[in-house]
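*Asks:* With chain D's structure known, arrange chain G on it following the hints.
Chains D and G, in that order, are what the protein sequence lines are.
Letter 81 of the first sequence, counting from 1, is numbered 81 in the working numbering, and no numbers are missing.
One gets the working numbering by counting positions in the second sequence from 1 and adding 265 to each.
One should not assume that every hint holds.
[What the hints assert, rightly or not] Computed Cβ-Cβ distance ranges for the label pairs, DEER-style:
id	chain 1	residue 1	chain 2	residue 2	range
1	D	R182	G	D313	54 to 60 Å
2	G	E315	D	G71	30 to 36 Å
3	D	Y174	G	D313	46 to 52 Å
4	D	P173	G	G289	40 to 46 Å
[Unchecked claim] Listing some non-contacts, in silico: residues in chain D with all C-beta distances to chain G over 12 Å:
id	residue
5	T49
6	G80
7	T140
8	A219
9	A258
Calculated from the structure, these hints are not laboratory results.
Glycine included, each C-beta is placed from N, C-alpha and C at the ideal position.
Chain by chain, the residues:
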Amino acid sequence: MAVDHRTTADPLILAGVTLHSRLFLGTGGFSSLEAMGEAIAASGTELVTLALRRVDPAARGSIVDVVEAAGVRLLPNTAGCFTARDAVLTARLAREAFQTDWVKLEVIGDDRTLLPDAPALLEAAETLVAEGFVVLPYTTDDPILARRLEDVGCAAVMPLGSPIGSGMGIGNPYNLSIMIERAGVPVVLDAGVGTASDAALAMELGCDAVLCASAISRARNPTAMARAIAGAVEAGRLARGAGRIPRRRHAEPSTPEAGMPDFGA
Amino acid sequence: MIVSVNGTPTELAAGATVATVLAGLELPGSGGRGVAVAVGAEVVPRPDWERRALAEGDHVEILTAIQGG
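Only chain D is shown next, with the shape it has when bound in the complex:
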């Protein structure tokens, strides 16, 4: 059974748009458009990322048609850009292609880590905000950089838990917690999810949403993993709101000690 997120009265408001699902789906890595379409439906997501590349005359089908048929909102990204200039130009082209001001801003430092290039990211974010874009930057888990991105007008911050595609989960939950405590915009965990528990942890820490691509698209059964992660996002959100008990070093009995019988010596 897929989790029906639309029954939860706890929507995310992102740049003035109401999203009932707190799971955003990255579309990279699916074996086919059909598999992607099934995972979109199973995940309940309302926001999916797309990338821009040169037209390939051999390509079959249009991803835009599939995504629009699913009735979800498009979030173009600037994946593969290594400079602020290229990222800004790609965002402008994405706006032209998809008629959306929303952009998942990625400015990557190098091929091996795919970690964000902080100064270039900030520069590109500032430029795009000034041009009227709704900028959702893929950033490191550095709370100070997140604050700077918020200061230049980003609509959210999207920190990594661990490197893109690594499936290593949340490497530094303490940094993420600090970022969440101080953020005035939604915090979206944007990379590193390997399986459902990682997404649940992100939400328990207080993230407002989770963006997930490889964990779903490269799972052996992407549709089942889409359901699992959607459920985890919802469970984590509920747990965050419910308030976890404090951690203790020693046991705390749940059964009262008063009224214990005395069975004699």
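*Replies:* This is chain G only, laid out in the frame that chain D set:
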């Protein structure tokens, strides 16, 4: 004149525009939706495709949506 189209040197008649180049391609989706064009670092909006003339040595990039995280 020779113009680079998505990295491929392409012979075009004088007076060719962005629309000329696009007409020679099979675009994905319906009506070129989901397609964007840059000449050098300049984004050419769809309404300007017909009139944006190309010059010798221009780099035309024609982009569309693909799956991506």
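*Asks:* Note whether the CB distance of Y174 of chain D and D313 of chain G lies within 46 to 52 Å or breaks it.
*Replies:* Roughly 51 Å apart at Cβ, these two residues keep to the hinted range, so it holds.
*Asks:* Given the hint of 30 to 36 Å, is the C-beta distance from E315 of chain G to G71 of chain D inside that range or not?
*Replies:* Because 32 Å falls inside the window, the suggested range holds.
*Asks:* Any Cβ of chain G at or closer than 12 Å to A258 of chain D, or is the non-interface label fine?
*Replies:* holds (56 Å)
*Asks:* Is the hinted range of 40 to 46 Å satisfied by the C-beta distance from P173 of chain D to G289 of chain G?
*Replies:* About 53 Å separates the Cβ atoms of P173 of chain D and G289 of chain G, which means 40 to 46 Å is violated.
*Asks:* Just checking, A219 of chain D versus chain G, shortest CB gap more than 12 Å?
*Replies:* Given that every Cβ of chain G is farther than 12 Å from that of A219 of chain D, nearest at about 14 Å, it holds.
*Asks:* Would T140 of chain D pass as off the interface with chain G, using Cβ distances and a cut of 12 Å?
*Replies:* Given a closest Cβ separation of 17 Å, the condition holds.
*Asks:* Taking the closest pair, is the beta carbon of T49 of chain D still more than 12 Å from chain G?
*Replies:* violated (6 Å)
*Asks:* Given a hinted range of 54 to 60 Å, is it respected by the beta-carbon distance of R182 of chain D and D313 of chain G?
*Replies:* Taking Cβ atoms as reference, R182 of chain D and D313 of chain G lie about 44 Å apart, which means the hint is violated.
*Asks:* Please settle this one: G80 of chain D was flagged as non-interface, so is its CB more than 12 Å from every CB on chain G?
*Replies:* violated (8 Å)
Of the numbered hints given earlier, the model fails hints 1, 4, 5, 6; all others are met.
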